[in-house]
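J.: Sequence:
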Amino acid sequence: MTLLGWICMITSLSFVWALAGTCYYLMLHDPEPPIEEVHHLHSA
Numbered sequence: 001m002t003l004l005g006w007i008c009m010i011t012s013l014s015f016v017w018a019l020a021g022t023c024y025y026l027m028l029h030d031p032e033p034p035i036e037e038v039h040h041l042h043s044a
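Using the numbering used here, you'd call the opening residue of the sequence shown number 1 and step up by one each time.
Just so you know, not all the hints are guaranteed correct.
Said to hold, decoys possible - Label pairs and their in silico Cβ distance ranges:
id : residue 1 : residue 2 : range
1  : D30       : L4        : 38 to 44 Å
2  : M27       : I7        : 28 to 34 Å
3  : L3        : L28       : 35 to 41 Å
4  : D30       : L3        : 39 to 45 Å
5  : G21       : M1        : 23 to 29 Å
6  : C8        : H29       : 30 to 36 Å
7  : D30       : T2        : 41 to 47 Å
8  : L28       : T2        : 25 to 31 Å
9  : Y25       : L3        : 28 to 34 Å
10 : L28       : I7        : 28 to 34 Å
11 : H29       : T2        : 35 to 41 Å
In case anyone wonders, no lab produced these hints; they're calculated from the structure. Note that this is a predicted model, so its numbers are computed, not measured. Even for Gly, the Cβ is constructed at its ideal location relative to N, Cα and C.
Use the sequences and the hints to build the structure in full.
T.: Pasting the structure below:
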């Protein structure tokens, strides 16, 4: 693989890992929704 191929591969993998890490961080560190919001979600 050429140098440009390595650069593209590392860049794309870094982007995917950053997106996945951001999503996991936001999902795990968000506060719990209030009871009223949960009730409205279940009634939909």
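J.: Compare the structure with each hint and give your call.
T.: Evaluated hints:
| no. | hint | in the structure |
| --- | --- | --- |
| 1 | D30 x L4: 38 to 44 Å | holds (39 Å) |
| 2 | M27 x I7: 28 to 34 Å | holds (31 Å) |
| 3 | L3 x L28: 35 to 41 Å | holds (37 Å) |
| 4 | D30 x L3: 39 to 45 Å | holds (41 Å) |
| 5 | G21 x M1: 23 to 29 Å | holds (26 Å) |
| 6 | C8 x H29: 30 to 36 Å | holds (32 Å) |
| 7 | D30 x T2: 41 to 47 Å | holds (42 Å) |
| 8 | L28 x T2: 25 to 31 Å | violated (39 Å) |
| 9 | Y25 x L3: 28 to 34 Å | holds (32 Å) |
| 10 | L28 x I7: 28 to 34 Å | holds (32 Å) |
| 11 | H29 x T2: 35 to 41 Å | holds (40 Å) |
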